[in-house]
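Protein chains in written order, with this note's numbering: chain C, 1 to 167; chain B, 1 to 119; chain A, 1 to 551.
Hints should not be assumed to be uniformly reliable.
Said to hold, decoys possible - Coverage of chain C stretches by chain A, computed from C-beta distances (three or more under 8 Å per stretch; other residues unrestricted): (1) 76-87; (2) 91-104; (3) 144-152.
For the record, the hints were derived by calculation from the structure and aren't laboratory data. If you're wondering where the values come from, they're calculated on a predicted model, not measured in any experiment. We treat Cβ as the ideally placed atom computed from N, Cα and C, and that holds for glycine.
Okay, here's what each chain looks like letter by letter:
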Amino acid sequence: MPKLIRLHGQAADWANDSFVLVGEEDAVPASGDVILSLARFQAEGAALLDDGRSVGVVLESDQAVEDLAYDLPRLSLVALRFPKFRDGRAYTSARLLRERFGFGGEIRAVGDVNREQAGFFVRCGFDAFEPADGSTPEQWLAAAHRFRHVYQRGADGREPAFVERNG
Amino acid sequence: MKALTANTLREGEVVFWNKGAWKLRFGEAELFEDDAVAEAAALAAVNPTQIVEPYLIDVEAAEDGFAPVAFRERVRALGPQNHPQHGKQAEGGHDIEVIQHAHGVARSAGRHNLIKLKK
Amino acid sequence: MYRYDAIDRAFVQDRTAEFAGQVVRRLAGEITEDQFKPLRLMNGLYLQLHAYMLRVSVPYGTLSSVQLKKLAHIARTYDKGYGHFTTRQNIQFHWIKLADTPAILGELAMVEMHALQTSGNCIRNITSDPRAGATAEEIDDPRVWSELIRQWSAIHPEFSFLPRKFKIAVTAAPQDRTAAKLHDIGLLLRRARDGSLGFEVIAGGGMGRTPYVGPTIREFLPAHHLLSYLEAILRVYNRHGRRDNIYKARIKILVAQLGAEEFARQVEAEWEAMDRPSVDAPDTELARIRGFFNPPGFAVLPPKSEVFEGAKADPAFARFVRNNVHAHKQPGYAIVDISLKAPGETPGDATADQMDAIADLAERFSLDEIRVTHEQNLVLPHVRLDDVPAVFATLKAIGLSTPNINLVSDIIACPGLDYCALANARAIPVAQDIATRFADPERAELIGELKIKISGCINACGHHHVGHIGILGVDKKGEEFYQFTLGGSAAEDAEVGKILGPGLPANRVGDAVETLVDVYLRERKDGERFLDTYRRTGLTPFKEAVYAEAH
Ligand code: SF4
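Just chain C, with the same shape it has in the complex (with noise of 0.2 Å):
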């Protein structure tokens, strides 16, 4: 059963997920796409690259974007883990990372990941979702675009009202 939620546009849908997170402790699987943690993505990621492998990295919430800076570009996908929800890190690394450093592959959410925050998450440039709490892509939709207005500029394009109002 597919557990991952991909935003298209205005739409979501379950999307199959063909990556495979690798266990600290774990061997790369001989074939496939994998996410890797930024320590093992330090070790083997170039070759994995170099063998033509989709690779995605995980980012704990207290590990800084900027260690990616380089590597971006060769990225499929970043995931930001959020550990609780209440640690707000992941948000900062997720506009850093589209706002900053240009990163168009998926930003993908996960760990202790719920519906309430998908307005939070979409805005700041997340696109993928491993939803902790049961919801459905119809949920997440409603949620995320639960607001008709928005103050201030993020990482998805939205005009702030202070643009809408000035035309």
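Using the hints provided, position chains B and A with the ligand relative to the given structure of chain C.
Below, chains B and A with the ligand alone, put in the same frame as chain C:
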């Protein structure tokens, strides 16, 4: 001795457990002599759509009745001092007077966190 | 005053609808209390000792009479007929039912109010000068910038799950009535030599367990860069503020650990790297907001009023004028403070009837405006001198003419153990006892400016660290004890008070305050306030007197 208390989910009203039902007055609380029995009752009483934040409090004999040990719990069982007509104290009566007149040191260790108990 | 446009209205409606849905799901058991608690907190709803408590945001302490009437209506309909104004310039209702909250938020939305971000680890309501737009002292109107920040911080996508709560103060007058240096960020409006507008930026102040007077991290920030600079500060804090220990999570700890210079360097680096024009509001938006704060149609009046001067023949009115009436920038007008500290009453409380009456006064006599001060009083900012006697008469009739602003009985007190789930000790009865002892207005005036501030626990909602006399309730082996600090100040000369000595039991607090006042009266030199005498003599004479009694 212990009693089990919580607030109702809908109203936030302070309530006390007595043999399967939540009561509005401290005077109606079931008093547990045995801590283990109290803890078992507490875990069984948790009903997330009815009450929030259930926990056990220490209770001691006061003159002519019983009162919560902790000052905080006396305030919950009575109401705020600046508005004597608000909260449980408004009704008056014997059980309220017992708490109002309870003295001796109120130990703050009167609250037992159920989350810790669960482990 | 700022008025909502269609965008602001839709935003608050959407928020209200969202919370209403969450309440329905909680009541139906679809979400657990653990999941729901942060959601209700984000809407200002706490569970306190006796019931839920709803904290309603009063944006930078500004209310219209329609809004105050709505608050009165909420107090009457959904609460027990009163509300409590807080040191954050907000109002709290103490007896709220969860099931009623969607309806209450709906009512608030009708008058352009909300409870958004009055709790939770987000950017809270902005603090500002209650005399904004009325005092001649200010170099600009701080409400313009407060409103700009209010909007920018509303459901900020990146900064709604910070390590801890975040409070910003904006002031433009040399006399600081916002406690700016004790906020996470304090913004002091300044003019550069060329006349351009900017901010001195203070970061890392705060009270609570480890009080700090915040250091200046930038002497002058050009005003139009305010939002991008705030975004840089918040980003550094969001990334690096501690999350492992709730008592070390405020920005003050980060600033103290890094040092102000290093913190400022990191902020500047982030700010340099940022696409500033995308964050900063354009001049058109600033002008739009500024338009709402144009002078509200003052009449051209002579600077002196015969009615006003004549009324001073009544000594009670004269006393009220001396303590509660302040100079206005517009000739013929005055700023009138309404004390919510009648001796024996609960500091900061107002009944629904009083709120209605004040709203009527504002409508008739104060160009429809009311302000809330962080010292838990109210202000009618624009009263014609001619009308002050009539305002006084009405206030007297509703029990709100206490002439004690800044005096010993004008005490700040948090709800404490009578209401607050976090409290260690009661604060309200302590304040009631002290104020009653100093109820004689003549004696209070003789004592002069003396700020007593009482908190029921170390969270310091009662600002005890910065009281001239601070009183903190602690739990000593289960008994209520009170620890005194002396010499604190929340004003432009901000300082954290020093501990007087061992805590005192509840029944000795009132006597101790009287002793402290006696020592001050004995030691003071001409024109000295309590704080000045303390600063000159130090703790010793006060300490000796208070603890001599113990033997
Ligand atoms: S200072 Fe403590 S007791 Fe007082 S309101 Fe704040 S948290 Fe409650």
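Going down the list of hints, with the structure as the test:
1. 76-87: holds (count 3)
2. 91-104: holds (count 5)
3. 144-152: holds (count 7)
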